[in-house]
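Student: Mind docking chains B and C on chain A? Use the hints.
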Amino acid sequence: METVKLRATPAARALARRLGVKLTNVTGSGYKGRIHRDDIAGFNYEEKIHVSPLARRIADEHHIELKGIKGSGHNHKIMKEDVLQLIADPQIKEMLTRDNLAVAAAPPKPAAVVPQAAVPEPSKGVATAAAAVSAGSSETVPMTQMRKIISKRMMESYFGIPSFIQTWEVDMTNLLALRKQLIEPIKEKTGKKLTVTDLISVAVVKTLMKHKQINASLNREGTEITYHNYVNLGMAVGMDEGLLVPVVKNADRMSLSEFVVAIKDLTERTLSKKLLPDEQAGSTFSISNLGMYGVDEFTAIINQPNAAILSVASTQERIVPVNGEAAIRPIMKMSLTSDHRIIDGLTAAKFMTDLKALLENPMTLLI
Amino acid sequence: MEKETKIMSVRDAIIMAMSEEMRRDENVFLMGEDVGIFGGDFGTSVGMLEEFGKERVRDTPISENAISGAAIGAAMTGMRPIVDVTFMDFIVYMMDNIVNQAAKTRYMFGGKGQIPVVFRCAAGGGVGSAAQHSQSLEAWFTHIPGLKVVAPGTPADVKGILKASIRDNNPVIFLEYKAQFNMKGEVPLDPDFVLPLGKADIKKEGKDVSVITYGRMLERVMQAAKEVEETEGVSVEVVDLRTLKPLDKEAVLESVKKTGKVLLVNDAHKTGGFIGEVAAMIAESDAFDYLDGRILRLAGEDVPIPYNQTLEAAMIPSVERIKKYILKLVNNR
Amino acid sequence: MAKTKSTKSNLSKGKMLHMHRLMLDIRNFDSKVNKLVKKGMIPGMTHFSIGEEAANVGAVAAIEKGFDLITSNHRGHGQSIALEIDLNGMMAEIMGKATGTCKGKGGSMHIADLDNGNLGANGIVGGGMGMAIGAALTQKMKKTGKIVVCFFGDGAVNEGTFHETMNMASIWNLPVIFYSINNMYGISTPIKDVINIDYNYQRAASYGIPGHFIEDGNDLLAVYHKFEEIVKYVREGNGPVLVEAVTYRWLGHSTSDPGKYRTKEEVDEWKKKDPIARFRDYLIESEIATAAELDGLNDASLEAVEESVKFALSSPEPTLESAFEDIYAD
Chain A
1 METVKLRATP
11 AARALARRLG
21 VKLTNVTGSG
31 YKGRIHRDDI
41 AGFNYEEKIH
51 VSPLARRIAD
61 EHHIELKGIK
71 GSGHNHKIMK
81 EDVLQLIADP
91 QIKEMLTRDN
101 LAVAAAPPKP
111 AAVVPQAAVP
121 EPSKGVATAA
131 AAVSAGSSET
141 VPMTQMRKII
151 SKRMMESYFG
161 IPSFIQTWEV
171 DMTNLLALRK
181 QLIEPIKEKT
191 GKKLTVTDLI
201 SVAVVKTLMK
211 HKQINASLNR
221 EGTEITYHNY
231 VNLGMAVGMD
241 EGLLVPVVKN
251 ADRMSLSEFV
261 VAIKDLTERT
271 LSKKLLPDEQ
281 AGSTFSISNL
291 GMYGVDEFTA
301 IINQPNAAIL
311 SVASTQERIV
321 PVNGEAAIRP
331 IMKMSLTSDH
341 RIIDGLTAAK
351 FMTDLKALLE
361 NPMTLLI
Chain B
368 MEKETKIMSV
378 RDAIIMAMSE
388 EMRRDENVFL
398 MGEDVGIFGG
408 DFGTSVGMLE
418 EFGKERVRDT
428 PISENAISGA
438 AIGAAMTGMR
448 PIVDVTFMDF
458 IVYMMDNIVN
468 QAAKTRYMFG
478 GKGQIPVVFR
488 CAAGGGVGSA
498 AQHSQSLEAW
508 FTHIPGLKVV
518 APGTPADVKG
528 ILKASIRDNN
538 PVIFLEYKAQ
548 FNMKGEVPLD
558 PDFVLPLGKA
568 DIKKEGKDVS
578 VITYGRMLER
588 VMQAAKEVEE
598 TEGVSVEVVD
608 LRTLKPLDKE
618 AVLESVKKTG
628 KVLLVNDAHK
638 TGGFIGEVAA
648 MIAESDAFDY
658 LDGRILRLAG
668 EDVPIPYNQT
678 LEAAMIPSVE
688 RIKKYILKLV
698 NNR
Chain C
701 MAKTKSTKSN
711 LSKGKMLHMH
721 RLMLDIRNFD
731 SKVNKLVKKG
741 MIPGMTHFSI
751 GEEAANVGAV
761 AAIEKGFDLI
771 TSNHRGHGQS
781 IALEIDLNGM
791 MAEIMGKATG
801 TCKGKGGSMH
811 IADLDNGNLG
821 ANGIVGGGMG
831 MAIGAALTQK
841 MKKTGKIVVC
851 FFGDGAVNEG
861 TFHETMNMAS
871 IWNLPVIFYS
881 INNMYGISTP
891 IKDVINIDYN
901 YQRAASYGIP
911 GHFIEDGNDL
921 LAVYHKFEEI
931 VKYVREGNGP
941 VLVEAVTYRW
951 LGHSTSDPGK
961 YRTKEEVDEW
971 KKKDPIARFR
981 DYLIESEIAT
991 AAELDGLNDA
1001 SLEAVEESVK
1011 FALSSPEPTL
1021 ESAFEDIYAD
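Chains as they are written, first to last, in my numbering: chain A, 1 to 367; chain B, 368 to 700; chain C, 701 to 1030.
Hints were generated in silico from the structure; no laboratory data involved. Glycine included, every Cβ here is placed at the ideal spot set by N, Cα and C. Where hints are given, some of them may not hold.
Unchecked claim - Here are some chain A residues the structure puts well away from chain B; computed CB gaps all over 12 Å: (1) D171; (2) V322; (3) A326.
Unchecked claim - Ranges of calculated distance between the beta carbons of each label pair, as one might list FRET restraints: (4) E417(B) - N938(C): 28 to 34 Å; (5) L271(A) - R688(B): 36 to 42 Å; (6) K32(A) - P563(B): 50 to 56 Å; (7) G420(B) - K713(C): 46 to 52 Å.
Just chain A, same shape as in the assembly:
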């Protein structure tokens, strides 16, 4: 095997070592491709957590999120004692328990190097890489760590939770009008653009505060329900690598402008991979919005340990009866996926009724 000597600064090498990043994965921004410290910092999304195998196993068993934890071992390596300590304290444990689909500790075996595998082996006689992939051939790529975790979480949620779905239609006329009115003032106040999603989210938050059973969490064993008197709203953000759900904490205490600023900031930082660990944990309810992609309707999988998740589809012009006459209205479908262990049909229906009402008469948002 050929060993290529990499150009990398001492600071870059030190950081790569610390974060467990393979230099061969990183593209350097320096002279002749030299890797600098910022290249490592920017690259590293799949943070390898420095943890002993035993500690890792214990953490996995208890579904403890280790990202951001500094252990007592050499170079802050997380040791068994550290994990046991975390588990022993119920509050800490609650905080660290994974409720996030995408970001979690890596499984013990390091993932295969993706970039190299992504480039197919040039067969002998083929001149350029451009000619490598021809029609009829396939590309096999091992799962990235991130995707593996998403997959694991999805399975757990899908197979672990007895869920049911309710789909409701909402007339968005008034909401869209309100949005038009608010765009300028919000822009002036925050410098940000108000979106329909923002308004829907705020409506959801308001409604949640009146429906405790929806804004609830169920523990792993399924033995305890926690009702929250605050709303930490998880907003699913899709990226090429996978799904992330940043959380707007205490959304119930925010004004519309504050919410707009918060969500924009979180989304930006999610996309630029600068999200902090505790910004992905602790949600009490989640929203998944595929409206911008023109999806009619869809259902999302519950983001554990939430009790439910709302999927928001696109708003489309449809012919609907209004006061006995045909009218063209912007209609949006939204679906609530609920955990039937704590939410029953009636509870879900009541929540969706109120939500629908609020969305169709959004002026009451101001109350």
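Tutor: Then chains B and C, alone, in the frame of chain A:
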């Protein structure tokens, strides 16, 4: 209340420093060629003959060897002479006395005796004096154990460091820059204002790159740092060494660890220049792991200083080139 | 064999015996060191004053010990011993021990005794000249009344520093005696090959200062009385003086010198003019001292030298840390 500082030139700061020390301690005296009625080759002792008389402001024949030898002998027996070398190039005539006698005597005598003497050297070019009158030879002296070497870059630092050098009980090579005798700055008037030797000064704090320099180049580095911040938003930290030997290693390494990027600037020739020593010191220290780029040096070209003014200016780091090197580092070149 | 005539003097017996003893010390000490070098017990180079005892002792005897100052050169044993340096410390220093006068860090060429006015031997030919005029300048500025004797050889006179320092001493009227001990050879070059005048003392005229000549530098009292005269002159503030004494070194330039540039005949001729033997004869003939007394002095001297060797041999080596000390004054 008396005003605490005053704007004055490097030249005036030198006169003030020497005069204050001579008033304070009767053993301090000045000797050199044309220091008396002429007021020094660069006007750095104007007025002193009138105040202190010709015993203590002593004109000498053109005998660098005897001048340096006499200074050392006097220092060894209780006096505290200041030698005006004038052009630093002439210190070459004094090498035996400085290197073989002054630097080593205390050591060879097992700790007996001390040689408190200051050799003031007008260093550097930029005044059209050509090759034999424009050298900065500090590197040679940093190589010799037993000597201290200082090179302040602002009028206030000149005053504080010169006073400290005079009060130091060791032979000190003091660099003053011909091109900067007229440079003005705020100087404290307190006669007890003394700066410590062996301590660098962070002239400007920053976080993107460390520029380490001293003496004449400090002014240009500060200018470059200011401009590069305004136009490119680069935050430059300027470390002014002030004392070359003993070097303030902690200050240098702290800055390197902070920014990870280092540019060293001096006007002396690049090969064998003092910044090479600092670069090596950084590379072998534990700050190495924090380096996020090459250690760059920007120094005078390895040529005797030419007479033509344009050529001469091109042989020494300019503000433009300093900026260019800063940006090189920042852009990971 | 004709006896060379020695100067007569009215000095006290005590003083004369004292001077004789010092000459014996120089002879015995350097002879001993020579033996030790041959045994491999002393590293580096040593330069012996054997044969030049009168030139050294006579001069030093005329100054005030503990008051006046001297600077010495690489052939400084004679001057240091004449100034009555502690022989133990000196031998220890030559052996590089921690108890040496310079803590073992200077060696033979840098023996010094600052407290007693010995500003040190110097490894650089002419290196002491600048220091001497500087020291003299201090005495002048502080009006201490002290004078400085600057010892050097015949070769040093050709160094640029000789010219510069003589000139400066002259224009500033400094209280310094420039003393050239002319043993007629640099290392291997005879003096006649390197100067175009008869003797170096004649150069004094170029600087407007008096030049004195001691033709027979092995005549202790001649040296002494000449120095008595010039010390008085200088101490009275008349400015510097150049004085030259002709003598001969019995051994090579340094320990590593087989001496091919001199004939055996020449060396033997000079050995006949042995300054110690001559002074001994003078003392006995003038009935100032008996042979027994003088032998007694020699025994005491030999004993003192043996003592110093014992002291040095039993002294500890300097520690590794000491190599990093005393570089700077606080």
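Student: Provide an ascending list of the numbers of those earlier hints which the structure does not satisfy.
Tutor: Violated hint: only 6; rest satisfied.
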